[in-house]
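Chemist: First to last, the protein sequences are chains A and B. Be aware that the first sequence starts at 803, since it is given in the numbering used here, and climbs by one per residue. Be aware that the second sequence starts at 53, since it is given in the numbering used here, and climbs by one per residue.
These are calculated hints, taken from the structure and not from any lab test. Idealized CB from N, CA, C, for every residue including glycine. Treat the hints loosely; a few may be bogus.
[Said to hold, decoys possible] Capping the alpha-carbon separation at 25 Å, the derived lysine to aspartate or glutamate pairs in DMTMM-like fashion look like this:
id, chain 1, residue 1, chain 2, residue 2
1, B, Lys182, B, Asp91
2, A, Lys923, B, Asp243
3, A, Lys891, B, Glu339
4, A, Lys838, B, Asp112
5, B, Lys290, B, Asp243
6, A, Lys923, B, Glu153
7, A, Lys891, B, Glu57
8, A, Lys891, B, Glu299
9, A, Lys923, B, Asp91
10, A, Lys921, B, Asp321
11, A, Lys923, B, Asp246
12, B, Lys245, B, Glu233
13, A, Lys891, B, Asp243
[Said to hold, decoys possible] Some, not all, of what chain A presents toward chain B, calculated at C-beta under 8 Å:
id, residue
14, Asp855
15, Asp861
16, Glu862
17, Met867
18, Asn868
19, Asp879
20, Arg890
21, Asp919
22, Lys921
Okay, here's what each chain looks like letter by letter:
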Amino acid sequence: MKDAISEPIPVTVLTGYLGAGKTTLLNRILTEDHGKRYAVIVNEFGEIGIDNDLVVGADEEVFEMNNGCVCCTVRGDLIRVVSGLMKRKGRFDAIVVETTGLADPGPVAQTFFVDDDVKAKTRLDSVTTVVDARHVLDRLADSREAVEQIAFADQIVLNKIDLVSPEALAGVEAALRRINPLAPIHPVMRSEVALDAILDRGGFDLDRISELDPEFLSASPRPAHGEPGHVHDEHCGQGHAHGDHAHDHVAEAGIAGVSLSLERPVDGTKVTGWLNTLLAERGPDILRAKGIIEVKGEERRLVFQAVHMILEGDLQRPWRPDERRWSRMVFIGRNLDAAELQRGFEACAA
Amino acid sequence: MVSFEAYVTAALFDRAGAVWALGDGTVRFEGGAGVEAHDGAVLCAAPHPSGEGLITGGDDGRLVWSRASGAVQLADAGGRWIDAVASSAASGLIAYAAGREARVLDAADPGVSRSFGHQRTVAGLAFDAKGRRLATATYGGARLWWARIAEQKPVELKWAGSHLDCAFSPDGRFLFSSMGENALHGWRLSDGKDMRMGGYPSKVRSLAFPGKGQLLVTSGAPGAVVWPIAGPNGPMGKEAAEIGYTEGRLVTRAAAAEGSGVIAAGCDDGRVWTADLASRGVRHWREPSGSVVSALAITRAGRLAWGDEEGGVGTADFA
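Isolated chain A (complex conformation) (with noise of 0.2 Å):
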């Protein structure tokens, strides 16, 4: 019987354009014999062509929590679901939530982190965005629904990568990296990422914030190098005319992400004083944030990660012999400022 008390079910949020391959992927992880058992939460049950007792249909329901602040608006029918999932415990090892291609994934991700109830049962895993890599520069242009899905994410899975030239590849994933320089990019064709790859990642994928490129943290609006055949320079892109285009619309939106270091300790009552106020002062234009902190005279590191105005930090594990200490931290949010936000953060120092 203690065994049944066991640790949150692990969620992973599906978001995506129509197209994108969202429910191939879906249909992959309820098929294929991963010796784990996934409960689907779906918005449109004719998609998924598969019967299963474990796949469930919701109606999109946006609740306004507490007069309507953005930080608490939720989906309604995911706590439903979720609380009515959890009367079947034992007989699903996680869950999987599908958004439609037009949702926005701010409300899904903090229904995990507001509603008591299913903070208490479950934990965000991911928010994994699936993309096309020949239409989402189009989608990035037209859409907001689509900037957010791609600020949001914890990863992406950039599907498709066959239908486009290598240039067009590397522009691609220029911009992406542009509005999220934090979740990982995944290429492949046919939604054939390895499911272990995307799925129960045992939380967030903090320790990229270090393999960041330190090229990335100038103030200047220009994408990440790093990683090897995934990002390129932002002039290999160029010439291509959905590389500008998207490029034009996505600035419009605002949204970009801001990477900020700290070489030196910082103060923990401070740093934690400065979060508080800039996420209740910009709660509603950072999207996410995420950061490792080295606090002085603390031998764990402080981890944290924010949904708009929801922060939650921990210390974790102690920082090994060999590791560099430091600090880092990604923002992704509308019309942030780069200069202001590394000023705060130094003021922080201990």
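Following the hints, put chain B in place on chain A, whose structure we already have.
Modeler: Showing chain B alone in chain A's frame:
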């Protein structure tokens, strides 16, 4: 202690004794009988109006009447989850929610079938004391319907936020709803006046009326919360009392029976206790088990039944 090794969705009493409805789709009777009611989990349950057995809604989209002798399907919502059900012994009516519809059946007359549409998913249902009016709780408020009337314009009670469960006061003057925002909301039905009843540290799951209906007892706090609802203004301008307060704990279910001055509470550590409202004396019936109490019922005659999220169940006689 007995364990059914499945989430206990509901503990209720029928004429013969305690009955439990479980996350594995079964309904278990105190006498030992067990019925496979659903292919999936029981999501909600209510006593059958006849006093014999339970009506349950499941994630298989079926509404089922279970007695010790077996299960009968009352309705099929075509795969939609049925996650709210209510019944009235007074009128013999049964109401259940399937998506954005509230549907009404008559236990004695298969010809009666009503369906009331909503813009939002129906989360909670309640009959008034006579079983004539049906309240439906949704995001954004509640509606009042005449349960037997096919075509009608419902009374709309609006209040921003997500309303989960609802209950009429026994005298029918007030409707209370529990909200996603860790609060209760109340409406005075004579004039629609809003009553905000806040201060809870968590969601309220149980609304119950002990004694002569002058008090409302709820879960959702370290003790059982008791609101005075007598008088023309109900709880307005009055303060709630908290009984059985235990630091760091949460009452997850509360129960009361009309005509009884004893209330019951089940906690997030598995504890179950009763309290006499007159003497405020608290009696403990179950030690902490580590599992959250998810179902609780008491009777006027002095019986108590509980169940928890891991399948642990029990009964006690406190009279």
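Chemist: The structure should be examined with respect to each hint, and the outcome stated for every one.
Modeler: Quick rundown of the hints versus the structure:
| no. | hint | in the structure |
| --- | --- | --- |
| 1 | B/Lys182 to B/Asp91 | violated (33 Å) |
| 2 | A/Lys923 to B/Asp243 | violated (40 Å) |
| 3 | A/Lys891 to B/Glu339 | holds (24 Å) |
| 4 | A/Lys838 to B/Asp112 | holds (22 Å) |
| 5 | B/Lys290 to B/Asp243 | holds (19 Å) |
| 6 | A/Lys923 to B/Glu153 | violated (28 Å) |
| 7 | A/Lys891 to B/Glu57 | holds (10 Å) |
| 8 | A/Lys891 to B/Glu299 | violated (29 Å) |
| 9 | A/Lys923 to B/Asp91 | holds (23 Å) |
| 10 | A/Lys921 to B/Asp321 | holds (18 Å) |
| 11 | A/Lys923 to B/Asp246 | violated (33 Å) |
| 12 | B/Lys245 to B/Glu233 | holds (20 Å) |
| 13 | A/Lys891 to B/Asp243 | violated (44 Å) |
| 14 | Asp855 | holds (6 Å) |
| 15 | Asp861 | holds (7 Å) |
| 16 | Glu862 | violated (11 Å) |
| 17 | Met867 | holds (6 Å) |
| 18 | Asn868 | holds (6 Å) |
| 19 | Asp879 | holds (7 Å) |
| 20 | Arg890 | holds (5 Å) |
| 21 | Asp919 | holds (7 Å) |
| 22 | Lys921 | violated (11 Å) |
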